[in-house]
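Peer 1: For reference, the chains in residue letters:
Protein chains: 2
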Amino acid sequence: MTDTDYTRLFSKRAQGMKASEIRELLKITQNKEIISFAGGLPSPEAFPIEDVKNICNKVLDEDGANALQYCATEGVTKLREAIAQRMNNQGMDVTYKNILITTGAQQGLDLIGKTFLNTGDIVIVGAPTYLGGTNAFNSYMAKMESIPLDNEGMSPDLLEEKLNKLNLHGSNPKLLYIIPSFQNPSGVTLTQSRRKKILDIAHEYDVLIIEDNPYSKLRYDGKENSTIYSMDKENSTIYLGTFSKVLSPGLRIAWTIAPQQLMNKLIITKQASDLCTSTFGQYLAYEYLAQGLIDIHIEKIKDLYRKKRDTMLAALDKYFPQGATWTKPEGGMFIWVTLPEYIDTGQMIERAIENKVAYVIGAAFHADRSGKNCMRLNYTYSSIDKIDEGIRKLAMTIENEIEMHKKKDESPYKLDEDGLITGV
Amino acid sequence: MTDTDYTRLFSKRAQGMKASEIRELLKITQNKEIISFAGGLPSPEAFPIEDVKNICNKVLDEDGANALQYCATEGVTKLREAIAQRMNNQGMDVTYKNILITTGAQQGLDLIGKTFLNTGDIVIVGAPTYLGGTNAFNSYMAKMESIPLDNEGMSPDLLEEKLNKLNLHGSNPKLLYIIPSFQNPSGVTLTQSRRKKILDIAHEYDVLIIEDNPYSKLRYDGKENSTIYSMDKENSTIYLGTFSKVLSPGLRIAWTIAPQQLMNKLIITKQASDLCTSTFGQYLAYEYLAQGLIDIHIEKIKDLYRKKRDTMLAALDKYFPQGATWTKPEGGMFIWVTLPEYIDTGQMIERAIENKVAYVIGAAFHADRSGKNCMRLNYTYSSIDKIDEGIRKLAMTIENEIEMHKKKDESPYKLDEDGLITGV
Chain A
0 MTDTDYTRLF SKRAQGMKAS EIRELLKITQ NKEIISFAGG LPSPEAFPIE
50 DVKNICNKVL DEDGANALQY CATEGVTKLR EAIAQRMNNQ GMDVTYKNIL
100 ITTGAQQGLD LIGKTFLNTG DIVIVGAPTY LGGTNAFNSY MAKMESIPLD
150 NEGMSPDLLE EKLNKLNLHG SNPKLLYIIP SFQNPSGVTL TQSRRKKILD
200 IAHEYDVLII EDNPYSKLRY DGKENSTIYS MDKENSTIYL GTFSKVLSPG
250 LRIAWTIAPQ QLMNKLIITK QASDLCTSTF GQYLAYEYLA QGLIDIHIEK
300 IKDLYRKKRD TMLAALDKYF PQGATWTKPE GGMFIWVTLP EYIDTGQMIE
350 RAIENKVAYV IGAAFHADRS GKNCMRLNYT YSSIDKIDEG IRKLAMTIEN
400 EIEMHKKKDE SPYKLDEDGL ITGV
Chain B
0 MTDTDYTRLF SKRAQGMKAS EIRELLKITQ NKEIISFAGG LPSPEAFPIE
50 DVKNICNKVL DEDGANALQY CATEGVTKLR EAIAQRMNNQ GMDVTYKNIL
100 ITTGAQQGLD LIGKTFLNTG DIVIVGAPTY LGGTNAFNSY MAKMESIPLD
150 NEGMSPDLLE EKLNKLNLHG SNPKLLYIIP SFQNPSGVTL TQSRRKKILD
200 IAHEYDVLII EDNPYSKLRY DGKENSTIYS MDKENSTIYL GTFSKVLSPG
250 LRIAWTIAPQ QLMNKLIITK QASDLCTSTF GQYLAYEYLA QGLIDIHIEK
300 IKDLYRKKRD TMLAALDKYF PQGATWTKPE GGMFIWVTLP EYIDTGQMIE
350 RAIENKVAYV IGAAFHADRS GKNCMRLNYT YSSIDKIDEG IRKLAMTIEN
400 EIEMHKKKDE SPYKLDEDGL ITGV
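Protein chains in written order, with numbering that gives the first Met the number 0: chain A, 0 to 423; chain B, 0 to 423.
To be clear, the hints were calculated from the coordinates, so they are not data collected in a lab. The reader is advised that the hints may include incorrect statements.
The list treats identical chains as interchangeable, and a pair is accepted whether it falls inside one copy or across any two copies.
To be verified - Derived BS3-like pairs: lysine-lysine, alpha-carbon spacing no greater than 30 Å straight-line:
#1 K161 with K327
#2 K195 with K355
#3 K31 with K195
#4 K11 with K232
#5 K385 with K77
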């Protein structure tokens with residue numbers, strides 16, 4: 000077949016899908032000389048390797064044949080029960096029947112897209128929002144509508160204004176996508192009172208809330224919030240949780256919690272997607288919960304990440320020039336930096352990489368490609384020393400940018416469509 | 000939200016998706032008193048538990064931090080290289096860049112659907128064909144066109160006739176879905192000469208071949224065929240392979256092989272689906288290949304399954320009434336039985352279950368719901384003793400059906416929509 004044949008064969012959705020900028024960036028930053036604040040990787044120091052080894056041996060000795068077999072599409076019952084119990088301890092009221100085990104929370108997002116979205120359906124997202132969420136919804140050719148975030152998360156007033164306006168035009172958004180705690184990419188947390196208000200608005204406008212909550216257990220200061228799912232008395236929320244940030248992302252074990260009537264469809268959708276999630280991985284995750292290892296381990300991760308966050312915040316204070324502002328997250332993995340409006344972080348990234356430091360450009364997290372003067376910094380992956388050094392290098396890059404702006408120079412650098420550097 | 004709200008929210012594709020009959024059946028057959036020839040499970044005796052344990056320890060000792068981290072969407076490079084080498088030893092000419100690691104081959108089917116199928120696009124399938132394939136394609140609202148199989152697999156003449164007819168009506172099918180060796184559900188193998196002819200036809204009509212090949216290493220007699228991918232000089236084939244039948248389905252590690260130009264889109268599609276397949280599972284599969292364990296283990300499985308196949312064929316000969324015919328597979332996991340036309344295996348299944356034996360009804364494997372007098376029998380899961388006993392019980396059930404037909408009785412049994420028995 001020729002390239003023309005291939006192009007004819009691609010579906011409309013595939014023609015519209017592009018590789019994520021993060022993915023392209025991660026390739027560049029595999030160069031070990033570069034200090035990468037791109038990516039969203041947990042620290043390799045944060046994996047409980049010895050625990051996993053002990054658990055592997057136990058599972059294979061005691062129940063190897065079942066652990067290596069297919070399992071039901073919805074997941075291994077004892078894991079679903081253990082997750083339900085854990086979630087109920089955190090204020091929910093669910094049974095194992097509300098729990099679907101997924102291959103990472105990304106699959107939960109994909110299954111939600113597949114189950115709910117027709118071409119042109121509207122999904123309300125934050126500005127900025129998680130790229131994996133918009134990618135999943137885009138692959139079902141949905142349309143994103145963005146609500147700006149501030150330091151308290153999504154604004155209920157702006158949300159209501161948007162929904163009202165859309166309704167006047169005859170549009171009824173189907174989904175409202177929210178990462179309530181230590182949001183990716185901004186690091187901000189939706190306040191308790193806003194959670195309540197947003198829930199009321201969602202009820203009023205019959206919008207299903209997708210509550211994506213991978214980070215909430217990684218809280219370094221302040222008080223834990225209630226999940227939206229636990230506050231919702233009208234069964235209008237689907238919740239996504241994961242072991243990726245508190246055990247290992249490489250096991251790809253996550254869960255989706257939904258009201259029973261929605262669960263049945265989600266299970267059928269998952270069946271066509273991958274039959275079931277790794278049974279072995281599920282047995283490992285079960286033992287990790289059942290042996291009470293998870294909470295001990297979370298405390299260790301928190302101590303590690305708190306130090307890293309503090310190091311990055313201190314370095315930002317120390318090195319970054321006037322005119323730059325950033326969020327001060329109480330948990331999670333990311334800090335969001337806003338630079339003077341005339342700086343385009345998409346243009347600046349090549350100079351940053353020349354200076355051996357990387358970040359993700361702000362536009363990647365905006366459905367409308369705004370946020371050009373912003374960037375996301377990850378503080379969990381790099382070592383404490385590298386964090387200080389990397390922020391110093393990044394500050395130097397920004398200062399050069401400011402100097403260049405003062406001289407009103409035109410940049411000789413450009414990114415081509417594939418995110419590769421041209422004109423250098 | 001009310002059920003009406005939920006129904007409004009479901010996508011068109013989700014409204015059209017139903018739980019597979021196999022899935023519903025598997026629930027019924029979890030009752031341990033029932034001898035189940037339903038399902039497509041490997042024998043639990045066939046899992047190399049000690050090998051997996053040793054490998055787990057090695058991987059976690061030597062490279063635990065990488066094995067528990069995210070990996071690239073396309074998969075772990077050393078595993079992709081090892082698979083490429085193995086496939087080249089079997090006559091292909093690929094590099095690791097042609098290999099995408101997927102979460103089971105079912106995900107490969109889903110990604111193909113997502114990448115190529117618009118609503119109403121045509122996929123050519125066998126009659127019968129694998130339910131997971133049609134489920135994946137249906138979830139992108141494609142239309143199936145069926146080509147009857149005989150003992151040599153899909154007929155090239157009937158295929159060409161169908162393509163010609165569709166072309167005259169202005170329809171250009173996009174995909175041709177083929178399970179060439181020991182097909183699920185029929186057990187038949189596409190002959191070498193038919194492979195060549197079908198490839199030529201696909202080239203002529205610009206149809207992309209999807210070659211789903213999970214069973215080819217499980218050959219108990221006869222000579223191995225060439226894969227269609229290795230015969231295709233025009234880059235018009237996508238190949239699906241898996242570790243599920245030769246290591247463990249519970250690890251969910253499989254691979255898709257595609258020409259480079261298609262691979263890029265498949266990777267982007269996978270990224271939105273689940274970011275990456277279990278890194279840990281991929282490291283285990285890599286060690287299993289690298290240590291040369293796989294071929295030793297395949298010989299063991301073949302000895303085990305050959306005996307089971309022979310036991311079932313002998314029991315069919317011994318117990319089944321006149322008028323029943325069945326395939327004699329040279330490998331794989333399934334035998335396909337055809338009963339007299341007046342017998343509806345969908346009606347008969349409840350009597351079979353009362354008699355403590357289960358199968359999958361033929362209609363489940365036909366896009367047009369024909370094949371009502373057929374059934375699929377799996378011989379790999381049950382023990383040798385149970386195979387003989389189960390076939391005896393099934394023969395008894397069929398004989399009763401024949402008796403009932405002679406008496407022209409109407410059946411008092413019905414299946415409701417959920418596959419549950421009503422009217423008993």
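Peer 1: Okay, which hints does this one fail, numbers in order?
Peer 2: 2 and 3
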